[in-house]
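Trainee: Sequences listed follow chains A and B, in order.
Each residue of the first sequence is one higher than the one before, starting from 1 at the first, in this note's numbering.
Each residue of the second sequence is one higher than the one before, starting from 1001 at the first, in this note's numbering.
Hints are supplied without guarantee of correctness; some may be wrong.
[As the list claims (entries may be wrong)] Have a look at the derived ranges for each label pair, beta carbon to beta carbon:
| id | chain 1 | residue 1 | chain 2 | residue 2 | range |
| --- | --- | --- | --- | --- | --- |
| 1 | B | HIS1170 | A | VAL153 | 22 to 30 Å |
| 2 | A | HIS258 | B | THR1055 | 39 to 47 Å |
| 3 | A | GLY376 | B | MET1114 | 23 to 31 Å |
| 4 | A | LYS176 | B | PRO1535 | 25 to 33 Å |
| 5 | A | ALA403 | B | GLN1210 | 38 to 46 Å |
[Claimed, not checked] Footprint (simulated), chain A over chain B, 3 or more residues, beta carbon under 8 Å:
| id | stretch |
| --- | --- |
| 6 | 1168-1179 |
| 7 | 1422-1429 |
[What the hints assert, rightly or not] Under the rule of at most 30 Å between Cα atoms (straight-line distance), these lysine-lysine pairs were calculated in the DSS-like manner:
| id | chain 1 | residue 1 | chain 2 | residue 2 |
| --- | --- | --- | --- | --- |
| 8 | B | LYS1003 | B | LYS1054 |
| 9 | A | LYS32 | A | LYS69 |
| 10 | A | LYS34 | A | LYS117 |
| 11 | A | LYS32 | A | LYS46 |
| 12 | A | LYS300 | B | LYS1054 |
| 13 | A | LYS176 | A | LYS225 |
| 14 | B | LYS1253 | A | LYS190 |
| 15 | B | LYS1127 | A | LYS372 |
| 16 | A | LYS176 | B | LYS1054 |
| 17 | B | LYS1003 | A | LYS190 |
| 18 | A | LYS183 | B | LYS1003 |
| 19 | B | LYS1127 | A | LYS177 |
| 20 | A | LYS138 | A | LYS32 |
| 21 | A | LYS46 | A | LYS190 |
| 22 | A | LYS177 | B | LYS1132 |
| 23 | B | LYS1054 | A | LYS298 |
| 24 | A | LYS225 | A | LYS32 |
| 25 | A | LYS47 | A | LYS372 |
| 26 | A | LYS69 | B | LYS1054 |
| 27 | A | LYS183 | B | LYS1132 |
| 28 | A | LYS47 | A | LYS183 |
| 29 | B | LYS1127 | A | LYS176 |
| 30 | A | LYS183 | B | LYS1054 |
| 31 | B | LYS1054 | A | LYS46 |
| 32 | B | LYS1115 | A | LYS372 |
| 33 | B | LYS1054 | A | LYS190 |
| 34 | A | LYS361 | B | LYS1127 |
| 35 | A | LYS269 | A | LYS241 |
| 36 | B | LYS1003 | A | LYS225 |
| 37 | A | LYS372 | B | LYS1054 |
Simulated from the structure, these hints should not be mistaken for laboratory data.
Glycine included, C-beta positions come from ideal geometry on N, C-alpha and C.
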Amino acid sequence: MAEIVLMRNFGRQDSHTLAGYRATGGYTAWEKAKGMEPAAITEEVKKSNLRGLGGAGFPTGMKWSFVPKTHTGPVYLVINADEGEPGTFKDRYLLERDPHALIEGMLITARAIRSAKGFVYIRGEYVQPWRIFSGAVKDAYDAGLLGNGFDIVVHRGAGAYICGEETGLLSSLEGKKGWPKIKPPFPAIKGAFGEPTVVNNVETIACVPPIINRGAEWFAGLGTKTQGGTRMYSVSGRVTKPGVYEDSCAVTLRQLIHDHAGGVSHTGKLKAVVPGGGSAAILTADEIDVAMDVDGLKAKGSMIGSAGVVVMDESVSIPEALLVLARFYAHESCGQCTPCRESTGWIYKMVHRIVDGHGRKDDLDTILDVAKRGGGTTICAFYDGAIGPYISYIEKFRGEFEALCRS
Amino acid sequence: MPKLTIDGKEIEVEAGTNLIEAARRLGIEVPHYCYHPGLSIAGQCRLCMVDIEKTPRPSIACNTQAADGMVVHTDTERVRDTRRSIMEFHLINHPLDCPVCDQAGECWLQIYYMKHGLYDPRMTDEKVHKPKAVPLGPHVMLDAERCILCSRCVRFCDEITGTGELGIFHRGDHSEIGLFPGRDLVNNYSGNVVDICPVGALTDRDFRFQVRVWYLDAARSICTGCARGCNIDVHVNRRRPHHAEGKRVARLKPRFNADVNAWWLCDVGRYHYDFVDAPTRLTAPVRRNNAGTAEIAWDEAVSGVAEALRRYSPDQVGVLASPRMANEDLLALRRVLEARAMRQVAYDVPPPALAEGDDFLLRSDRAPNRRGAELIGLGGDTGGLMASARAGRLKCLWVFHHDLLASGWPAADVRQALDRVETLIFTGTNANAISERAQWVLPAAAWVEREGTFTNFEGRVQRFRSAVEPLGQALPEWDLLGRIVAALGGTPAGGRAELWFRELVRTVPAFAGLSYQAIGDHGQLIPGATSAGAPTPPGRRVKVHG
Chain A
1 MAEIVLMRNF GRQDSHTLAG YRATGGYTAW EKAKGMEPAA ITEEVKKSNL RGLGGAGFPT
61 GMKWSFVPKT HTGPVYLVIN ADEGEPGTFK DRYLLERDPH ALIEGMLITA RAIRSAKGFV
121 YIRGEYVQPW RIFSGAVKDA YDAGLLGNGF DIVVHRGAGA YICGEETGLL SSLEGKKGWP
181 KIKPPFPAIK GAFGEPTVVN NVETIACVPP IINRGAEWFA GLGTKTQGGT RMYSVSGRVT
241 KPGVYEDSCA VTLRQLIHDH AGGVSHTGKL KAVVPGGGSA AILTADEIDV AMDVDGLKAK
301 GSMIGSAGVV VMDESVSIPE ALLVLARFYA HESCGQCTPC RESTGWIYKM VHRIVDGHGR
361 KDDLDTILDV AKRGGGTTIC AFYDGAIGPY ISYIEKFRGE FEALCRS
Chain B
1001 MPKLTIDGKE IEVEAGTNLI EAARRLGIEV PHYCYHPGLS IAGQCRLCMV DIEKTPRPSI
1061 ACNTQAADGM VVHTDTERVR DTRRSIMEFH LINHPLDCPV CDQAGECWLQ IYYMKHGLYD
1121 PRMTDEKVHK PKAVPLGPHV MLDAERCILC SRCVRFCDEI TGTGELGIFH RGDHSEIGLF
1181 PGRDLVNNYS GNVVDICPVG ALTDRDFRFQ VRVWYLDAAR SICTGCARGC NIDVHVNRRR
1241 PHHAEGKRVA RLKPRFNADV NAWWLCDVGR YHYDFVDAPT RLTAPVRRNN AGTAEIAWDE
1301 AVSGVAEALR RYSPDQVGVL ASPRMANEDL LALRRVLEAR AMRQVAYDVP PPALAEGDDF
1361 LLRSDRAPNR RGAELIGLGG DTGGLMASAR AGRLKCLWVF HHDLLASGWP AADVRQALDR
1421 VETLIFTGTN ANAISERAQW VLPAAAWVER EGTFTNFEGR VQRFRSAVEP LGQALPEWDL
1481 LGRIVAALGG TPAGGRAELW FRELVRTVPA FAGLSYQAIG DHGQLIPGAT SAGAPTPPGR
1541 RVKVHG
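Input sequences plus hints: build the corresponding full structure.
Mentor: Spelled out as structure tokens, the structure:
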């Protein structure tokens, strides 16, 4: 098992306090970063192979470097704490148990991208994380860490999944309906309030202080060749010990289930695993010897996404599991662009009919065809996420669906 | 300027031009719903997908700017397949109620389904139900089930009028267009949302269920609602005269003119046509004397009026022309005046209440041709003319269009003037208090029943064309005035509006160099005039981030 980096303080009673954070070396990275040129910070993060841990896995340093160097107006740093991907609950732990890690990461990031203002967009349902994080922000202001060239605004979402999509989040932050924006322009050029904006996930930014403190090479060495560091896996479903586990990006899905989460519960026999949140394609029991990094899962036709691992044992009905997700996507589609708006509802109706025993076998082909046709045609990645389960659940467990259909 | 290739044809376009517009210039139509050249790019309908070489999957043409060396294909198998899919998505929850939908025949769901869809429908589940026949305001009705959520109407109210009445509410396939709480769609441009709605979701309450669009004919024309002269199409129903209670003019639609109104038309102008088919239309010349009131033939009316004009000395005759008359009519009137050396002419009658302009297209001057009347030299002292009448110095008064008893003048003053005049002549399209007491009534054709030109407030001369025949015996004013010119011994310019216009160009220096051909469909400025172009929409004047 790899070194614990992100959850290093979680065992302390006072991990959420400034004193507790300082006692474990907190804000020393910020002190060090203050002596570094912004470009040097970005360069260090680039070398660390840190990739976005919110879902898309985009190289973080590269994202920072897209902010125009010649821009004279404000640059914003926006933290995506709208953790809504089904099966994902890691950012919640960071906000509650190590809020200053995020604040310190933000200070360093803000220096790298020359931002004077950061926003932390917290999922509406995350009341306790919001309270604790807001308290930490206040303490950081009182200690003079914030307010001297960098400010943080804490903003609460209102419960829409789409507001976790980076540009949907920006629309919502601007006071508009949380509709994703068409790209180009990308947020780094024209983001929040029309200004260059970097949007990063909570966990991603919490990685920044250790990178600065201990160096890019150390961080890169914790992971795989293309993705550095450790990350937090949310493991839920039919496992003996559900929870958040930190390990290297190189850990396998089998290790996570068996070594960390105590193995499969209920029937004890694994049927399927969702490796990276609801939008990741499902893996069958014999596909779990896979490295949990961006490229490893991509090779298996799935994705690491937000690293939300949902384990299903033999007693779980895959059609019913798909129904839950299909309802979720139909309910959460923002409705802005046509393929997603119309087909998430349509597919939900079809899956619902199948689970209810009124399905026809050609419904399955219709769902697959509709999902594939809609893929890649939308404004944001929501629909491409939705078709992950639609297609993989049916293609990998077609027999279970057919058994429910009339001939 | 980037040079790109679309479907094998090269074209050079200005930087910033998107692929829909670049293709349009080559005569290639990229189907789309949410894109509108007058609005911001939304990228929502996903129908305008095209293939761009070296791009892995189809891109939306609306949000892709032409780039140098770009190679675009609008008709690959992949593009056709994508369009079919997008059409299916647009239609799965659509009620398919075309037989009872007013948009049928000009609906872009129908048009694009036939061009780009033609798949076998697979949707067998219950469709999403939404509100139907919801009045949004005085002019617009919403059927949310027909709506494809292109957001054009929402963007129009945000970006053009800046009034922001509309929004899209709820999420997913339950999304629907609606009014913000406490709001109604009551701005002066509300009718435009019906024009830009590509489907039957927003229909005009004025037009609903009146006539099928395939029975309509269109003529290019100019709005007469104010001095701006917005370009319009007049839609008339000649083929189903028993529909719409016999009304021939079915609706007015804006016609694009970058220099005048862009794509838009205000509600004041849009609904300013009821008089054309109103029961008050004057349809035959009338002579009224002690023996009673009689409809007479034009010859008799023309000789009667000519004789009346001859009977009085020129200083006993006053003429109240109208800024609603076309340039051709005003020149013909000038010829009548010249034939008898009459000088007492004016056109400015104060309105009962001063009309207000708005912050966009509508001008406070509600007449279409005041500039023309001024340039043709019919301006005079209206008040003085009326004072002469009241003092008994005028024996004959000829009123064009005006209802003096419903003007800004005190009614008692007007009555006193009319009482002292021996011969009252009225020319106009509709009966009013003046025509009711005039000795001679000469019925005029409405603007949609004839050809002509108006000069707008900036000095832009614009043509309007005949959409229907004049009602009854009504004649274009240049025609009836030309007949009077002949009866007075003069030579009328001719039997067509264009001949009067040619004479106008030849004899009035302000119009020098113009011609019907040069005016074309977009108008021509008189020499020395400058145009500020179509005004910036109020919704764009405040820069909003976004």
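Trainee: Has the given pair, LYS46(A) with LYS190(A), been kept, meaning a C-alpha gap of at most 30 Å?
Mentor: holds (22 Å)
Trainee: Between LYS1003(B) and LYS225(A), does the CA-CA distance stay at or below 30 Å?
Mentor: violated (42 Å)
Trainee: Is the straight-line distance between the alpha-carbon of LYS225(A) and that of LYS32(A) 30 Å or less?
Mentor: holds (27 Å)
Trainee: With the threshold set at 30 Å, check whether the alpha-carbon distance from LYS176(A) to LYS225(A) stays at or below it.
Mentor: Status violated; Cα separation ~41 Å.
Trainee: Given the hint that LYS1054(B) pairs with LYS298(A), test it: the Cα-Cα distance must not exceed 30 Å.
Mentor: Holds, at about 23 Å.
Trainee: State, for the Cβ atoms of HIS258(A) and THR1055(B), whether the hinted interval 39 to 47 Å holds or is violated.
Mentor: Once the Cβ atoms are compared, 43 Å apart, the range 39 to 47 Å for THR1055(B) and HIS258(A) holds.
Trainee: Compare the distance between the alpha carbons of LYS1003(B) and LYS1054(B) with 30 Å, and conclude whether the hinted pair is satisfied.
Mentor: holds (17 Å)
Trainee: Go check the stretch 1168-1179 of chain B versus chain A for me, would you? Three or more residues, Cβ under 8 Å, otherwise it fails.
Mentor: holds (count 7)
Trainee: Is it true that the CA of LYS183(A) sits at most 30 Å from the CA of LYS1132(B)?
Mentor: Roughly 34 Å between the alpha carbons, so the hint for LYS183(A) and LYS1132(B) is violated.
Trainee: Is the Cα-Cα distance between LYS32(A) and LYS69(A) 30 Å or less?
Mentor: Holds - the C-alpha atoms of LYS69(A) and LYS32(A) are around 23 Å apart, at most 30 Å.
Trainee: Are LYS183(A) and LYS1003(B) close enough, with their CA atoms no more than 30 Å apart?
Mentor: Given pair LYS183(A), LYS1003(B) holds - Cα atoms ~23 Å apart, limit 30 Å.
Trainee: If you draw a straight line from the CA of LYS1054(B) to the CA of LYS46(A), is it 30 Å or shorter?
Mentor: holds (28 Å)
In this structure, the earlier hints numbered 5, 7, 13, 14, 16, 25, 27, 36 are contradicted, and the remaining ones agree with it.
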